[in-house]
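Required output: the full structure, derived from the provided sequences and hints.
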Amino acid sequence: MINHRKSFGTYTFIAMDACPTPGIKRPHNFFGLITTDLAKSLQSFSLKAFDSNQTFWFGHYPTSTIISPGYDLRSLIGKTAHSYFCGHLHNLLNLVPNMYTVQPQGFLELELADWRGGRFFRIVAVDNDLVSFVDAQMHKRDSDDWPLVLITNPKDAGFLLPSKEPTERILKSTHIRCLENTTAQGHCCDWSVCVQSYLGFGVNFQTKHPVYHLFLRRILAWSRYPIQRVSVSIDGAFVGNARPAKRHDASIVDSPLYVLSWDPAALARRGPPSGHVAHSIEVVCEDTKHNVRTVRQSFTLDGTARWNFGGVQSFILLSDQASGVGPTFMGYLLDYEFGVVFSFGIFVCNTFVPESTTYIFEIMQQLLFTYPFLTLLVCRMRGGRAHYHLRRQKSCPRR
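Counting from 1, position 302 in the sequence shown corresponds to residue 302 in the working numbering; the numbering is continuous, with no gaps.
Please note: incorrect hints may appear among the correct ones.
[Stated by the list, open to error] For lysine to aspartate or glutamate, the following EDC-like pairs were computed, each having C-alpha atoms within a straight-line distance of at most 20 Å:
#1 K164 <-> D302
#2 K140 <-> E286
#3 K164 <-> D51
#4 K140 <-> D114
By construction, these hints were calculated from the structure, which means they are not laboratory data.
Have a look at this one:
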């Protein structure tokens, strides 16, 4: 657990290591495990993080593949967390991209694609307690990598959490804001400093009251080369070019943050375009090498979330995969005592015995019986169908 304390608030990061001990090789390490000692530590961390401005949990396993006998892990995470960052499933061999969802307990669960194979990484920005992120991939060509753009105000309505974020601040803002950075100017190692310098921009976090210049339209952008243009359009209409914001730290000349003034109250009175339920913002960023990145996202001014997560992604992350399977086998586990073995434990003598290694038998059963049987069945059915068509052709010759 790490508490990142600033003059305007505290931001907590809680790491959860659910890897089984001992750590066996794949495929026997598919499920994670919450032990009794780990559960006590997580409960203690959650209590300590209760007063933080925002709390982020992160771990290897998604909650759907974690075995936590007698312990409601998602409810504990939902008490304090804005987001739970994880990997493990990644994007399922590029079959299920953007594996994001909102858990019923009120937090975002955000899978990140694989760094080892795909070179994906994530940038997270906290802007006056509104959390935004962008997932990016490193390519061999600069034109594919740069620039990177992250709009922090107005925040993407697809990831709003009204129960965890002060969404009313969007309507009270005076500027659009975005962040930029360039490795040519030496900022690639200064991202965290850049974000910290703007977290409390123009707001008194002790009294929680807004002050003048509380919010801007904010855009974060990074490039290997200097940024020369950041143009902004709202609802299809060009509103201007964002300019570098002034740094609180006078020792740093170049700013990664780009801002543009706006009037959200007037936009709220006009409402979204006809046929739309939300406004849209488009940012076009161009560097001196004419590399261009265009980012579009929807936003609302009343704090209404517009979640639109994929059905497959939500099913994978919302379901309890560890307990979603039936019994592995049943029989007399003890003398004269009939028992049932599940992947998540054993039921015998009218007692449930949590056991974290029984899923190995489930995997072995699938590898040695289920999958070979299905393969044999498919081949048999195909052969029978082909034989049927051949006999039909012989019995019914063409005229």
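These are the hints, each one checked on the structure:
1. K164 <-> D302: 15 Å, holds
2. K140 <-> E286: 19 Å, holds
3. K164 <-> D51: 12 Å, holds
4. K140 <-> D114: Given that 20 Å is the threshold and the Cα spacing comes to 17 Å, the pair holds.
Violated hints for the displayed structure: none, as all numbered hints are satisfied.
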